[in-house]
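> Can you make the complete structure from the sequences, with help from the hints?
Mapping of the sequence shown onto the numbering used here: position 145 corresponds to residue 149, and the numbering continues sequentially without gaps.
These are calculated hints, taken from the structure and not from any lab test. One or more of the hints may lead you astray.
[Said to hold, decoys possible] The calculated SDA-like cross-link candidates involving lysine to any residue, where the alpha carbons are at most 25 Å apart (straight line), are:
| id | residue 1 | residue 2 |
| --- | --- | --- |
| 1 | Lys115 | Leu93 |
| 2 | Lys57 | His15 |
| 3 | Lys38 | Ala55 |
| 4 | Lys57 | Arg128 |
| 5 | Lys62 | Leu21 |
| 6 | Lys141 | Leu151 |
| 7 | Lys38 | Asn8 |
| 8 | Lys131 | Pro121 |
| 9 | Lys115 | Met143 |
| 10 | Lys12 | Ser45 |
| 11 | Lys38 | Leu11 |
| 12 | Lys57 | Arg78 |
| 13 | Lys131 | Val150 |
| 14 | Lys62 | Gly79 |
| 15 | Lys115 | Ala139 |
| 16 | Lys38 | Cys74 |
| 17 | Lys131 | Ala116 |
| 18 | Lys131 | Asn106 |
| 19 | Lys141 | Asp98 |
| 20 | Lys62 | Val97 |
| 21 | Lys131 | Gly79 |
| 22 | Lys62 | Leu41 |
| 23 | Lys12 | Ala47 |
| 24 | Lys57 | Ala39 |
| 25 | Lys62 | Leu31 |
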Amino acid sequence: MTRNTVLKTIHVACRDLGLNDDSRRDLQLLVTGKASLTQMSAAEQVAVLEALKARGFKPSSGKTGRSHRCPATRGDIRYCHVLWRQLVLAGAVDLPGAAGLNAFIRARFEKAWGAVPFDVDGLRDWKQIASVIEALKAMCARAGIVLTGGPGRERAE
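Right under this line is the structure:
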């Protein structure tokens with residue numbers, strides 16, 4: 005771990021354990037004899053971190069259990085994700101998220117298109133995207149999801 009990473013981890017540990025600055029400095033004095041993190045060597049900072057771990061701090065890798073997916077850059081593709089989410093919330097489809105939407109597109113359009121992108125965000129042809137949106141809207145209608153807001157501005161109610 006770099007020195008900066010250790011400092012950040014110490015501060016996160018103190019926050020997670022509910023230690024204020026005075027309590028943190030008392031712990032640092034107890035472990036290293038120095039109250040300031042900046043006056044400590046890298047080994048002393050690691051010793052403080054180990055003391056915080058002994059008090060119950062469990063460092064995480066920074067990743068939560070869920071993978072993070074950035075929103076699509078194109079509005080029409082984001083709209084495909086929105087419609088799919090509405091279908092998931094209504095219980096009309098079983099496989100949530102982009103994996104489900106990608107599976108739907110492959111099953112529905114592979115014969116017509118010949119080749120389907122691995123990921124919906126890879127679609128570039130506006131005609132293909134429009135056909136996906138229309139298919140999703142039809143599924144929403146069959147599931148009883150009412151879309152309001154006018155053309156291109158539909159919202160589920």
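> Against each hint, give a clear statement of whether it holds in the structure.
Each hint, compared with the structure:
no. : hint               : in the structure
1   : Lys115 with Leu93  : violated, 28 Å
2   : Lys57 with His15   : holds, 12 Å
3   : Lys38 with Ala55   : holds, 14 Å
4   : Lys57 with Arg128  : violated, 49 Å
5   : Lys62 with Leu21   : holds, 10 Å
6   : Lys141 with Leu151 : holds, 8 Å
7   : Lys38 with Asn8    : holds, 18 Å
8   : Lys131 with Pro121 : holds, 14 Å
9   : Lys115 with Met143 : holds, 19 Å
10  : Lys12 with Ser45   : holds, 15 Å
11  : Lys38 with Leu11   : holds, 15 Å
12  : Lys57 with Arg78   : violated, 44 Å
13  : Lys131 with Val150 : holds, 24 Å
14  : Lys62 with Gly79   : violated, 40 Å
15  : Lys115 with Ala139 : holds, 15 Å
16  : Lys38 with Cys74   : violated, 43 Å
17  : Lys131 with Ala116 : holds, 12 Å
18  : Lys131 with Asn106 : holds, 17 Å
19  : Lys141 with Asp98  : holds, 17 Å
20  : Lys62 with Val97   : violated, 37 Å
21  : Lys131 with Gly79  : holds, 14 Å
22  : Lys62 with Leu41   : holds, 20 Å
23  : Lys12 with Ala47   : holds, 15 Å
24  : Lys57 with Ala39   : holds, 18 Å
25  : Lys62 with Leu31   : holds, 17 Å
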